[in-house]
Every structure is written in C-alpha cells, then in structure tokens.
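Asks: Chain residues, written in single-letter form:
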Amino acid sequence: MSEGYERGAFSRVKRSLLEHYRIIHSHPLGRIGFWVVTVFVIVAVFAPWLAPHDPWVMQYDSEGNFASLRTPSWAYPVGTTHLGYDLFSQLILATRTTLLIGAVSGFISILIGANVGLVAGYYGGKIDEVLMRLTDILYGMPFLPFIIILIALFGRKLEFVILAIILIIWRTSARVIRAQTIAIKQRQFITAAKARGCSNLRIIYRHILPNVLPLLLLYAAFNIAWSIITEASASFLGFGDGNTISWGGMLYELWLSGKTRVAWWWFAAPSLCIVTLVTSLVFVSRAYEEVANPRLRKR
Amino acid sequence: MTENVLLSVLNLSVGYSTQQGVVNAVSDVSFDVQKNEVFGIAGESGCGKSTLIRALLRLLSNNGASTAAAITYEGQDIQNLSDNAFRDTILWKRISLVPQSAMNSLNPVYRVGDQVIEAIRAHSRASRSEARERVEFLFDIVGLQPELMKNYPHEFSGGMRQRAMIAMSLALDPGLIIMDEPTTGLDVLVQERILRRVREIRAEISSSIILITHDIAVIAEMSDRIAVMYGGKIMESAAAIDLFESPYHPYTLGLKNAFPSIKAVNNELISIPGSPPALLGDEPGCLFQPRCPFSDSACVQVVPDRHYVSELHQVSCHRHADVLELRERAAQKSTWHY
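Chains as they are written, first to last, in our numbering: chain A, 7 to 305; chain B, 30 to 367.
If you're looking for bench data, these hints aren't it; they were derived computationally from the structure. Worth double-checking, as some hints may not be accurate.
[To be verified] Listed below are several chain B residues computed to face chain A (Cβ distance under 8 Å; list not exhaustive):
1. Leu88
2. Asn92
3. Arg116
4. Leu126
5. Ser134
6. Ala148
7. Ala151
8. Ser156
[To be verified] Label-pair distances were calculated between CB atoms; the ranges are:
9. B:Ala94 x A:Arg28: 20 to 30 Å
10. A:Phe149 x B:Thr118: 48 to 58 Å
11. A:Pro148 x B:Tyr181: 39 to 49 Å
12. A:Pro148 x B:Arg154: 49 to 59 Å
Backbone N, C-alpha and C define an ideal beta-carbon position, used for all residues, glycine too.
Only chain A is shown next, with the shape it has when bound in the complex (with noise of 0.2 Å):
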C-alpha cells in the first residue's frame, strides 16, 4: 500500500528536486541555461584553486619583460591590464563576488516579495493597502541615487550594494504574486480548507504558496540576473565595494585606466560573462515560466 508513497523530510525534499530538475530538463533552452550556470557555480566555488595567477600581482613573461596590456596567449588567456595583472584569474574571483551578490540578494528580495505578495493578496483590505503602497513609493525610487545616497552616508561596502538592490528588486515579485494570490485564495478549495478549520498561516504557506511556487521561481531566476546586471552597473559606475572584484568592477578599471578604445579583450571577457549568465538564468526563469503559464507552450 504505502509503496510510491514515500515517507519522511528527506525523500520528500529528494522527490522535490527531481521534480524541479525535470522541469527544467524538458525545456530544450532551459537545459542549457541549467548547465551554463551549474559551471559558473562550479568556478565560483573553486575560484581560488582555479585562478592561475594572484589576480592583484603584476606579471612577468617568462623572459622577465613586463605583461602590460597582453592580448589572450597561453600564458594569460584572456589577455592583462595596463598594470600587467592577469584577467583571467581577475575573471575567475569575480565570478565568486557576482554570484554571491546574485544568490544573495535574489534569494533575499524573492523572500521578501513573495511574504509580502502573499499575505497582502490574502487578508486584503487595510493590511493589503498599506504593504501594495510601500511598494509603490519603492516603484518610485530610482535606483542610482538611492545608492548614492547609501554609499555617501556608509561607504563602498558590498553589503550596501546587496541592499540597494534587494531594496529595488523586490516591488515587482510582490506585485506578481499578491495578482496571483487573490486569484488563488478566491478558488474553491481555499474555502473547502477554511471551513476544515485551517488557520490563515496554513492556508497561505501550505494552500496557496505551493499553488504560487513555479510563478515564485520563476521570479526567483529573473531577480538573480537582475541583481547580476544591477550589480554590474553599479560597479562600472563606481559605486562598488573596492575589496573585492565583480565583473562590472573590472570594467569600472578598464573605464578608469583610459584604454577602452585599446584592450578589447579587457571589455570583452567580463561583458560576455555577465551576458552569458544573465542570458542562462533566463532560460531557466523560462522553463518555470512554461509550467507558470501553459499556454506559452507551443503546439
């Protein structure tokens, strides 16, 4: 009797995963997406050990001569900067910074944007005007002087550029879900649980947040590539923490070295690390976006 029905916390969570991998694994594009990102992970992880050079070194060639602005060779493969340190090493820690600020503040805005589109969506009235008016003063808010603001007052310190875009980033996932949750919470089993007597914070994270999870995902891999890209911006424009290197750090060197028209491949690395990423995340958002919204799916 019990076979197929599995017991315990751990294959639930085993059975749950399988499920999300399958999702993303029927979608041709989302595969890809899976993929590309399961390797940055990997980098970001092990960037340490995988960066060939200490990235903030000066280099010599082997025949001692100073590696200023080298365009990719073996020995540095995607080429130096004008003060001779090595980009592909640059490249490798930045990506540990850029999925960190990613992970973190998409992790964070999702739980805050769901918690928030969740309960106002569902008690509605007075509770649900207040939490949908923050957001709309959030609407408000441009996001470069509010983190000029914040750096002026606190310094370049990455936990202040993590909370300016958690700060912008949620509004939108609030918004999405607090629609989908009225139109939940209106369904005739959310009355059926009602009237077996569960209690509102039952309904909401065991009723309606599962009947919100691919929309929740979804929006969980939009808010990562934009944090990715916000936090690029951020950097290029100088408004990064300046201990550690980001992909829009090391173009925000490029910018002040002055060789922009020259180091190509300066430009180049970080810009398509940051494309490639964003892009990946997308089509994994858009693998959930199909069980979201089945009538994407075409034929």
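Given chain A's structure and the hints, the job is docking chain B onto it.
Replies: Leaving out everything else, chain B in the frame of chain A:
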C-alpha cells in the same frame, strides 16, 4: 422531543453590506435539526441557502454580518463561542461541510489522501500512520479504493472527487454533516450513485445531514424533513411527505407545479412567473407577494407570522386558512399565467 434536537437555530439573520446598501440575504430563519435525520433546505438560486450555511460555520466574507437569537448544538450554546474555540471544538469535529462544487474543493498540488490526513491531523492528535489508516477506512466507506490516496485530484473523476470530499467530511465522526449542493454538476447516473452512497453511510453512522439543494427531486428522495426558502426566509417547513402531499404555502404549490410528477403523466409543468426579490432594505409585507397570484392587501402591508399547522409543519402565509381553495386554484395554469 427537544432532547432529540441536535442543532437549533433561532432567528438567524445575515446581511451583506454592498454599495447599494445592506442586502438581507437571510432574515429571521429558525429551524431545528433532529438527531439522525436528513434535513433538506430547498430554494432557488440566490435565496440564501449557502449564506445560511456560511453563517452557521462562520465562513462569511468580510462584508457579511450575522445575528441570531440563539444557536445551540446538543443544547450547548455555540453562537457565543470565540472563533478559536469554535474552530477547535465545533468545526469539523461536530459539524463538517461538503462544500458547494466539491469537485473543485481539493487543492491541486497535494495528493488526495494527504489532504484528508491533513483534515484529521488538524483536529486530532492522531499520528500520521493512524490518520492514514483512518483515511483507508473512510475511502472504503465512500467506495474509493485505498490505493487512490496517493493520486492527485486531477487524476480523479468528478464523482470520485465528490466522494473524496464526503470521506473528508466523515473524517472525525461529526454529528452533523452539511452537504451544500452535493450533486450539482454531476450527471444523473453519478448523482444516483452518490446519493445511494450517502444513504448507505447514513445507515452505518448516526450523523444528521443538512442537505442543501435546488433540486426538488434530490431533496424529496433524501430528506426526512424539508424547509423551503425564499428570499432569505423559510416559507414552509414540514416532514417531507407532508410538504409534498399537503403543501400550504403558495410558493411550495408553485414549486410542486414546476416539477414533474411520476403519478400524473403528461401533466404540463407550470412555472412561477417573475424573479426572486433583490432583498435590498426592509420591504413591508410578504416577500413572495409580488409573484403570488393569491395575494391580498394584508400580504402587501404585513409580514406574515409563522403559523403552526401541526407541531412539525409551519408556514409563513397570511392565507393559510384558505389552503384548500389555494391548492385547487394553484393546480390550474391560468392562475399563474394570465
């Protein structure tokens, strides 16, 4: 007789505040449900049947408010219980619900068995495996194979989902099960199977049932006693046989005309012209009066009192004394359509 009363409702009224004013969806409804009986509530759409149930179970939407002189369950006052106490002691343990369109009442993302287990575990200290055994037992009662527990709702047919909801309502052996339109949306064969199953369950357990439907055939077949609702009020209530054999209220007479009888073949069905009242504000007089062919000046001005024809047969009509004349005239089509 009173010690046999399971649920007693006295003067229950429900109002919905809307932009046009307060809609009195249910006004002054009183009824008793005896132990081990099926109490049918019949009425057309919008007459307040479902609102009545929602008020009883405290499931009204935010703009609805209910008042009652008294609501008791087994002699215990349940009207003044706090919401938490009501949820912990009454809801599902004593009074359970098979909701309207039970077909859509299962959460699509959980296995059917898990949802019944949730209902059991939310209200009792049963362990997961005890709850699962209970669900197997319940599934057996309603005629579902226990293996179906691990299926998702979309893998069920409409009738199976209905039966799963009935199983869920039986989960904690409640004294009273409220079935809101249990057969609506099912084809006649499945209807028959569900009703037969309900009858078998009644033979096995001793719960009372409140059966709510607009389907006169279903209610006539299933109920011991019937209340006919119109415009948020109970117009007439009586034992099922009495109601159909000797109806008093013109609305009941009209309903009887609009419903095919097995005895009289080729009998033309007569509809009741007009439509139900809007229930906005307090209108003087009898609510059925605008559609009633027998109304007189008293009907326009005065709300009719409850009149007891016998101990168990009550009717709210000014002209209950002229019932023989009314029955005769009501059988003719020209009385209703002229």
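Asks: Now, for every hint given, state plainly whether the structure supports it.
Replies: To see whether the hints hold, each was checked on the structure:
1. Below 8 Å, beta-carbon pairs count as interface contacts, and B:Leu88 has one with chain A at about 6 Å; its hint therefore holds.
2. For B:Asn92, the interface hint is violated, since its Cβ never comes within 8 Å of a Cβ in chain A; the closest pair sits about 10 Å apart.
3. Here the hint on B:Arg116 is kept, as its CB sits about 5 Å from the closest CB of chain A, short of 8 Å.
4. Hint status for B:Leu126 relative to chain A: holds, with the closest Cβ pair at about 4 Å, below 8 Å.
5. At a threshold of 8 Å, the smallest CB-CB gap from B:Ser134 to chain A is about 4 Å, leaving the interface hint in force.
6. Taking 8 Å as the C-beta contact cut-off toward chain A, the hint placing B:Ala148 at the interface holds, the least distance being around 5 Å.
7. The interface hint given for B:Ala151 is met, as the beta carbon of that residue sits about 6 Å from the closest beta carbon of chain A, less than 8 Å.
8. The closest approach between the C-beta of B:Ser156 and any C-beta of chain A is roughly 12 Å, which is over the 8 Å cut-off, so the hint fails.
9. A beta carbon spacing of about 49 Å between B:Ala94 and A:Arg28 contradicts the range 20 to 30 Å that was offered as a hint.
10. Distance hint check: the CB atoms of A:Phe149 and B:Thr118 are about 53 Å apart, consistent with the given range 48 to 58 Å.
11. A C-beta distance of roughly 46 Å is found between A:Pro148 and B:Tyr181, which places it inside the suggested range of 39 to 49 Å.
12. The hint said 49 to 59 Å for the Cβ distance between A:Pro148 and B:Arg154, and at roughly 55 Å that hint holds.
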